[in-house]
Amino acid sequence: MSNIAFQRLQREFKEVITNAEIAQTGIRLDTSDDTLTKLKGEIKGPPDSPYEGGTFKLDIIIPDNYPFHPPKVSFETKIWHPNISSQTGTICLDILKDQWAASLTLRTVLLSVQSLLAAPEPSDPQDAVVAKQCLTHPQMFTETARLWAQVCADAPGERNSQLYKKLTQLMDMGVGKESALSALSCNSWDVSKATEHLFS
Amino acid sequence: MAAVSEVQVTIRRKQANAGRGAPRSVVLRLNEGASRKRPDLASNSTDQASPPTVATVLTAKEQLARQIGEPVEQIRLILAGRVLDDSTTLEALQLGATTTLHAFVCELDDGQPCGQLRSGKLRLRCETCKSDAVLVKEEPSSWNDVLTSKRIRIDCSDCVSDSPAFAEFFFKCVLCGSIAPPLQQVRANTSHAECCVCGEVLNPAINFLCPLSPLHICCLDCFVAYAGCCLEDRRFQLRDGAGYTIGCPMAGCAGMIVDGHHFHLLGDTHYDLYQHQAAEILVLGDGAGVFCPRVGCGAAFFLDAVDDAGAVNGVALCPECGLTFCRECHQETTVKCQCDQSAGRQNNEAVGCSSEVGADGDLMRSLTTIGATCKKCPRCKVPTERNSGCAHLSCRQCGAQWCWLCETLWTDECQWNHWFD
Ligand SMILES: [Zn+2]
Ligand SMILES: [Zn+2]
Ligand SMILES: [Zn+2]
Ligand SMILES: [Zn+2]
Ligand SMILES: [Zn+2]
Ligand SMILES: [Zn+2]
Ligand SMILES: [Zn+2]
Ligand SMILES: [Zn+2]
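Protein sequence lines correspond, in order, to chains A and B. Heads up: the first sequence at position 162 corresponds to 162 in UniProt numbering, and the numbers run straight through without jumps. Heads up: the second sequence at position 419 corresponds to 419 in UniProt numbering, and the numbers run straight through without jumps.
Source of the hints: derived by calculation from the structure; they are not laboratory data. Be a bit skeptical, because a hint or two may be false.
Quick list of in silico lysine-lysine cross-link-like pairs, DSSO-like style, CA-CA up to 27 Å [said to hold, decoys possible]:
no., chain 1, residue 1, chain 2, residue 2
1, A, Lys97, B, Lys376
2, B, Lys172, B, Lys137
3, B, Lys130, B, Lys150
4, A, Lys193, A, Lys132
5, A, Lys40, A, Lys177
6, A, Lys72, B, Lys130
Kindly produce the complete structure, drawing on both the sequences and the hints.
Rendered as structure tokens:
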């Protein structure tokens with residue numbers, strides 16, 4: 001990593017740690033090694049969204065020529081969102097691609113990802129299945145996204161008993177929590193379709 | 001023998017227009033500065049009364065430089081017709097009380113430019129007859145006065161015509177004396193603004209002349225790293241009034257480098273690359289140029305200039321890597337391409353159709369796979385795979401920003417239609 005990148009990251013860390021406003025918005029940044037090339041981010045799901053109160057972990061990889069190239073940011077926590085791949089956690093966000101500028105910081109990135117949770121853009125999808133559901137069955141989308149947040153990101157609140165029952169039904173068959181969620185969500189919560197999807 | 005403490009020096013100025021100005025004489029006080037400079041080398045001095053010293057030609061030149069106010073790099077000391085080497089000790093020269101040294105102050109016009117970022121001396125001459133025997137009628141008060149022609153009137157004593165004379169300004173390096181382009185965007189950081197990349201307050205700094213804020217500045221190290229990275233990524237763009245350049249690193253700011261000479265700061269290798277890329281972009285901008293579609297080659301050239309055979313069968317030949325490709329569709333081929341008869345296949349956007357053509361053999365299958373998952377950059381035609389879900393792509397080959405859905409260069413409309421909606 002270049003000197004410029006190292007110097008910049010040290011500065012950015014101080015910014016995130018000391019800024020009181022950030023403690024309020026629920027953003028955290030941690031190192032996973034001393035080289036500062038792999039970082040861990042964390043954002044709180046924003047209020048008035050299906051993700052409210054959830055804790056979402058992010059993988060951040062700093063490229064060699066940071067800050068002239070954007071950091072590679074993806075969700076480690078599974079999430080149901082039209083602009084985030086439900087499979088890989090890849091995020092479609094303009095400032096992580098061509099709209100990146102060297103003056104942007106990890107703080108701006110985390111805040112932007114957080115506001116993407118509050119305002120999905122289904123017309124510019126990363127995950128086509130989620131986006132389709134978001135546009136055609138908004139109610140089901142909201143319930144699905146909320147349940148994912150509760151199951152995968154410890155979001156508080158009453159779980160949708162109907163959906164949760166279907167989930168436990170699959171899990172009782174020995175299917176992992178995340179695979180079960182994914183199979184059901186991609187098949188409009190049709191248990192037999194989801195089972196077929198999983199076992200065929 | 002007792003060392004001389006003073007020596008007479010005759011100083012001449014050596015310039016491009018040699019012979020101007022009479023020589024002058026100074027008395028050089030040899031021991032000053034020498035003792036300060038090299039106390040560690042003084043142990044072999046036998047004379048306890050005089051300050052411990054090994055005076056060398058270099059220390060003498062340094063002293064002379066202080067006395068006459070000229071840079072030491074420009075001073076040459078000469079004795080008996082020989083330019084003296086810096087490391088020679090004065091003792092070895094056996095200077096006597098009556099010896100006269102000669103010094104030249106060279107303005108290194110005929111030498112190599114030093115190639116470094118240095119202060120410049122503002123000089124002027126008559127724009128018409130190039131004489132420097134001129135008087136300005138008003139002082140320049142801005143960069144514009146200095147860089148734009150016919151802004152400052154002069155009285156020129158050498159001009160024969162009666163038409164009004166104007167000043168032509170130029171800059172000379174204080175170190176090497178070369179005439180060099182001024183870097184007007186390297187400025188003193190008088191407002192103590194933070195570098196927008198690293199956050200340090202450094203001086204001088206690059207000013208991007210931003211309409212949003214005078215505080216958008218970038219320290220020199222960050223500028224070099226930033227511009228070098230943009231060059232390698234082909235993120236430079238042609239901009240009105242500034243040529244092939246880069247913008248302010250702050251998000252959404254229209255500031256930019258307005259004079260390509262600033263990219264000299266990146267060093268020779270990168271500056272050559274800069275000029276190479278700029279030439280390529282101009283080739284393309286002309287409409288007759290193409291990019292070689294081979295990933296990693298990306299040479300730009302004029303079609304007509306390279307290949308006569310191409311006129312017959314529509315095949316172009318890359319002068320850099322030797323790839324032959326179709327002039328129309330930029331598909332690799334050595335024979336006349338069938339693209340005009342198979343327009344349908346070129347527009348193949350169907351996903352997952354490989355099973356339908358499974359029986360047609362490997363070639364068809366792989367073509368279809370490319371057709372299904374790749375589209376061509378609308379500018380350089382390099383096949384591009386969409387590696388994430390959204391429609392806005394940036395070409396690794398030519399730097400074009402383009403739209404996966406419209407298959408055209410990215411427009412505000414695309415931004416509107418496929419991004420925010
Ligand atoms: Zn004149
Ligand atoms: Zn110079
Ligand atoms: Zn800097
Ligand atoms: Zn700016
Ligand atoms: Zn080539
Ligand atoms: Zn063709
Ligand atoms: Zn291209
Ligand atoms: Zn478009």
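How the hints compare with the structure:
{"no.": "1", "hint": "A:Lys97 / B:Lys376", "verdict": "19 Å, holds"}
{"no.": "2", "hint": "B:Lys172 / B:Lys137", "verdict": "22 Å, holds"}
{"no.": "3", "hint": "B:Lys130 / B:Lys150", "verdict": "14 Å, holds"}
{"no.": "4", "hint": "A:Lys193 / A:Lys132", "verdict": "18 Å, holds"}
{"no.": "5", "hint": "A:Lys40 / A:Lys177", "verdict": "23 Å, holds"}
{"no.": "6", "hint": "A:Lys72 / B:Lys130", "verdict": "57 Å, violated"}
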